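Sequences listed follow chains B and L, in order. If you count the first sequence from 1, position 256 lands on 263 in my numbering, and the numbers rise without skipping. If you count the second sequence from 1, position 144 lands on 151 in my numbering, and the numbers rise without skipping.
There's no promise every hint is true.
Claimed, not checked - Listed below are the simulated DSS-like cross-link pairs for lysine-lysine, each with C-alpha atoms no more than 25 Å apart in a straight line:
(1) B/Lys-249 / L/Lys-119
(2) L/Lys-119 / B/Lys-119
(3) L/Lys-119 / B/Lys-231
Unchecked claim - Residues from chain L that keep clear of chain B, each with C-beta distances beyond 12 Å, as calculated:
(4) Val-10
(5) Ala-72
(6) Glu-182
(7) Phe-384
Unchecked claim - From chain B, some residues computed to sit far from chain L (all C-beta separations above 10 Å):
(8) Glu-15
(9) Val-255
(10) Cys-299
(11) Asp-397
Source of the hints: derived by calculation from the structure; they are not laboratory data. Note that this is a predicted model, so its numbers are computed, not measured. For glycine and all other residues, C-beta sits at the position ideal for the given N, C-alpha and C.
There are 2 protein chains.
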Amino acid sequence: MDVKQYMEQLGQRARQSARTLSAAESGIKNRALLAIAETINEQREAIAKANAEDLAAGERSGLDAALLDRLALTPARIDGMIEGLQQVAALPDPVGAISDLKYRPSGIQVGKMRVPLGVVGIIYESRPNVTIEAASLCLKSGNAAILRGGSEAIHSNQALATCIRQGLAAAGLPETAVQVLETTDRAAVGELITMPEYVDVVVPRGGKGLIERISRDATVTVIKHLDGICHVYIDDDADGDKALAIAVNAKAQRFGTCNTMETLLIAESRAEELLPGIAEALQKAGVELRGCPRTRQVLNGAVEASDEDWATEYLAPILSIRVVAGLDAAMNHIAQYSSGHTESIVTENYTKARRFLREVDSSSVMINASTRFADGFEYGLGAEIGISTDKIHARGPVGLEGLTSQKWVVFGDGHIRT
Amino acid sequence: MDVKQYMEQLGQRARQSARTLSAAESGIKNRALLAIAETINEQREAIAKANAEDLAAGERSGLDAALLDRLALTPARIDGMIEGLQQVAALPDPVGAISDLKYRPSGIQVGKMRVPLGVVGIIYESRPNVTIEAASLCLKSGNAAILRGGSEAIHSNQALATCIRQGLAAAGLPETAVQVLETTDRAAVGELITMPEYVDVVVPRGGKGLIERISRDATVTVIKHLDGICHVYIDDDADGDKALAIAVNAKAQRFGTCNTMETLLIAESRAEELLPGIAEALQKAGVELRGCPRTRQVLNGAVEASDEDWATEYLAPILSIRVVAGLDAAMNHIAQYSSGHTESIVTENYTKARRFLREVDSSSVMINASTRFADGFEYGLGAEIGISTDKIHARGPVGLEGLTSQKWVVFGDGHIRT
Chain B
8 MDVKQYMEQL
18 GQRARQSART
28 LSAAESGIKN
38 RALLAIAETI
48 NEQREAIAKA
58 NAEDLAAGER
68 SGLDAALLDR
78 LALTPARIDG
88 MIEGLQQVAA
98 LPDPVGAISD
108 LKYRPSGIQV
118 GKMRVPLGVV
128 GIIYESRPNV
138 TIEAASLCLK
148 SGNAAILRGG
158 SEAIHSNQAL
168 ATCIRQGLAA
178 AGLPETAVQV
188 LETTDRAAVG
198 ELITMPEYVD
208 VVVPRGGKGL
218 IERISRDATV
228 TVIKHLDGIC
238 HVYIDDDADG
248 DKALAIAVNA
258 KAQRFGTCNT
268 METLLIAESR
278 AEELLPGIAE
288 ALQKAGVELR
298 GCPRTRQVLN
308 GAVEASDEDW
318 ATEYLAPILS
328 IRVVAGLDAA
338 MNHIAQYSSG
348 HTESIVTENY
358 TKARRFLREV
368 DSSSVMINAS
378 TRFADGFEYG
388 LGAEIGISTD
398 KIHARGPVGL
408 EGLTSQKWVV
418 FGDGHIRT
Chain L
8 MDVKQYMEQL
18 GQRARQSART
28 LSAAESGIKN
38 RALLAIAETI
48 NEQREAIAKA
58 NAEDLAAGER
68 SGLDAALLDR
78 LALTPARIDG
88 MIEGLQQVAA
98 LPDPVGAISD
108 LKYRPSGIQV
118 GKMRVPLGVV
128 GIIYESRPNV
138 TIEAASLCLK
148 SGNAAILRGG
158 SEAIHSNQAL
168 ATCIRQGLAA
178 AGLPETAVQV
188 LETTDRAAVG
198 ELITMPEYVD
208 VVVPRGGKGL
218 IERISRDATV
228 TVIKHLDGIC
238 HVYIDDDADG
248 DKALAIAVNA
258 KAQRFGTCNT
268 METLLIAESR
278 AEELLPGIAE
288 ALQKAGVELR
298 GCPRTRQVLN
308 GAVEASDEDW
318 ATEYLAPILS
328 IRVVAGLDAA
338 MNHIAQYSSG
348 HTESIVTENY
358 TKARRFLREV
368 DSSSVMINAS
378 TRFADGFEYG
388 LGAEIGISTD
398 KIHARGPVGL
408 EGLTSQKWVV
418 FGDGHIRT
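Just need the whole structure built from these sequences, with the hints factored in.
Here you go:
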């Protein structure tokens with residue numbers, strides 16, 4: 008069987024099981040999640056053995072330490088997967104909720120019911136714990152899933168797929184509700200993203216290059232996360248202590264996350280007073296500073312920021328700093344350079360806070376809070392399949408609800424249109 | 008200037024005016040809508056003259072009567088455009104509404120704010136009144152619009168574009184908030200749907216061929232409406248009078264609309280009793296009946312339905328009829344052949360109604376109501392840019408809210424993540 012046939016078979020099975028899953032009661036889906044958790048616990052040895060195979064192959068092929076670390080299913084990571092499944096089982100089920108139901112003048116009652124998207128394809132790197140995370144979110148939201156993890160994790164993923172199938176079967180759900188690709192052939196990805204008859208949405212997780220390539224080639228809808236070029240703007244009317252705390256936290260709490268601040272904007276009127284303290288704290292945390300000419304006048308030792316700096320997601324201990332005239336200049340900078348992920352203003356001024364909130368077009372817009380809060384768990388979603396930088400459907404952190412949409416429901420009593 | 012440059016210029020202007028429009032108060036947007044209405048009223052003569060030019064050219068090039076009718080801006084159609092603008096001005100503004108705002112354990116307050124999509128491109132046929140309809144919905148929802156009407160309507164559309172610009176200017180909004188293409192070059196469409204840097208979403212309106220082509224070639228997100236293959240299922244437990252009324256209304260109230268029933272499914276137990284009466288009423292309304300073998304046993308004179316019939320949107324006085332064993336067979340037929348637009352069950356049985364509502368995956372699912380109700384006005388949206396058969400973002404009738412999405416808003420007081 009060639010890859011095209013193989014993927015079509017997966018697609019057909021997914022489409023079929025999606026109907027069953029869409030109608031499955033919350034209790035049955037939760038039972039499956041807990042059964043998968045139990046099976047993983049029982050199969051620790053088999054999982055560790057499969058993972059050791061992947062790790063050995065990875066070492067032979069020269070994977071670097073960071074990649075090997077992501078690939079490893081340590082006992083703690085296995086515990087984490089089990090806890091994750093239990094947590095998702097405990098979350099409220101979004102499916103079937105009816106809202107805005109009201110009577111219309113014609114006499115019919117019209118409302119919206121939350122429903123699964125259908126079949127979700129997820130493409131991710133060689134982090135086998137993502138297999139469980141993705142499976143659990145799709146399952147709970149009533150979607151059939153087709154999962155394609157990085158090829159370096161193939162044995163680990165197959166071991167986990169066995170646990171998933173056993174858990175599904177134990178709850179009486181079709182084993183094809185979650186299918187993990189058994190091939191490492193890259194052509195399979197190309198098929199997955201061009202089967203709109205079988206796949207309703209694709210969520211790519213990984214590097215920007217991969218996501219851009221998938222978005223370009225896909226005929227299936229893609230929920231995508233490109234850059235996180237996040238800004239904090241310290242306004243003329245900022246509280247100095249809050250500005251310092253937020254700037255340092257937004258940059259230095261973690262360097263490699265998409266909600267980390269990459270550019271600090273500060274009002275001219277506060278630059279001399281506040282920049283030295285912020286710079287000192289950040290440099291202590293090992294952050295390299297790159298600044299506009301005015302920044303470099305205030306801070307000795309800041310490297311010159313180029314135009315490219317404003318457009319770069321460092322994901323590293325580097326921060327670009329720009330002194331701006333005020334709120335409008337800050338919002339213009341953001342409109343030009345932001346990736347639409349998360350921006351925060353530090354101000355005590357009511358009117359300026361209100362304008363920033365309304366006028367900045369990013370998936371998260373904050374007042375007096377660190378950009379690091381832009382996260383599904385912090386927002387109370389309970390879990391997160393990714394953070395979308397798209398403008399339609401789900402923006403920002405995508406949880407269970409982001410894997411659903413709403414259909415219209417109409418209740419009549421023999422009503423006809425006149 | 009070539010088409011590519013021209014479209015890029017339009018795109019840049021739209022992107023820029025989208026920021027202003029997104030922040031514009033409801034009162035100012037409404038003032039613009041009413042000013043456009045007034046200008047159209049004042050410019051009736053100029054509009055009629057431009058339209059006469061299009062009609063004359065259309066006659067010369069041999070457009071058929073139906074197309075010429077759609078192209079005509081009669082005084083009644085001009086009145087209709089003016090009323091439409093006034094109605095949209097009177098609708099509530101979806102932009103800026105904040106929902107689900109709540110405190111999180113960290114102390115931050117998190118909610119969602121409804122925001123415009125940004126720049127909306129609309130591609131439609133030679134019906135110049137759609138220019139005003141599309142402009143008004145985009146404007147009210149805070150989106151910049153790029154409109155591309157059919158080439159046969161170019162003079163009419165330019166005359167209307169003048170009115171739109173005047174109305175925008177009178178309200179102090181940028182004239183580039185709504186841009187109507189001044190070229191009939193087909194290459195412009197190709198540019199419009201491949202400029203994701205300037206256009207956030209494209210809504211094609213027209214024939215299935217056009218929409219399929221645009222969906223295939225677009226790199227911009229498309230909100231699309233393909234077929235409306237709508238079903239009514241008359242269940243074993245249907246009330247006979249309701250079944251008759253709904254079947255006749257769903258098929259014969261209007262033949263050419265996307266929410267018209269194309270296939271009637273009926274439970275075996277009720278076929279002999281109910282089909283003859285339904286057939287008689289429909290034949291009186293001029294409907295040709297095509298049936299499965301069992302239908303043809305009950306109804307003399309029904310043509311044989313082929314497999315292709317079940318998959319066809321007739322948009323014409325033709326109905327295919329299939330006798331099924333019961334609810335499950337009906338839902339299987341719908342899962343196989345429906346286009347996901349609208350389906351209705353006629354039943355007095357609570358459990359079967361509840362199953363149909365949950366298990367049928369269409370943008371509108373109805374109980375004891377005519378499929379003809381699937382419409383933005385009937386649902387209370389006040390207006391409709393189209394009906395989406397997609398599964399993400401907006402499903403079914405798309406009104407002002409469908410032209411918006413939600414961003415996250417976070418209120419803090421110097422909060423940082425620990």
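**OP:** Kindly indicate which numbered hints from before are broken by the structure, ordering the numbers from low to high.
**Re:** Of the numbered hints, 7, 9, 11 do not hold.
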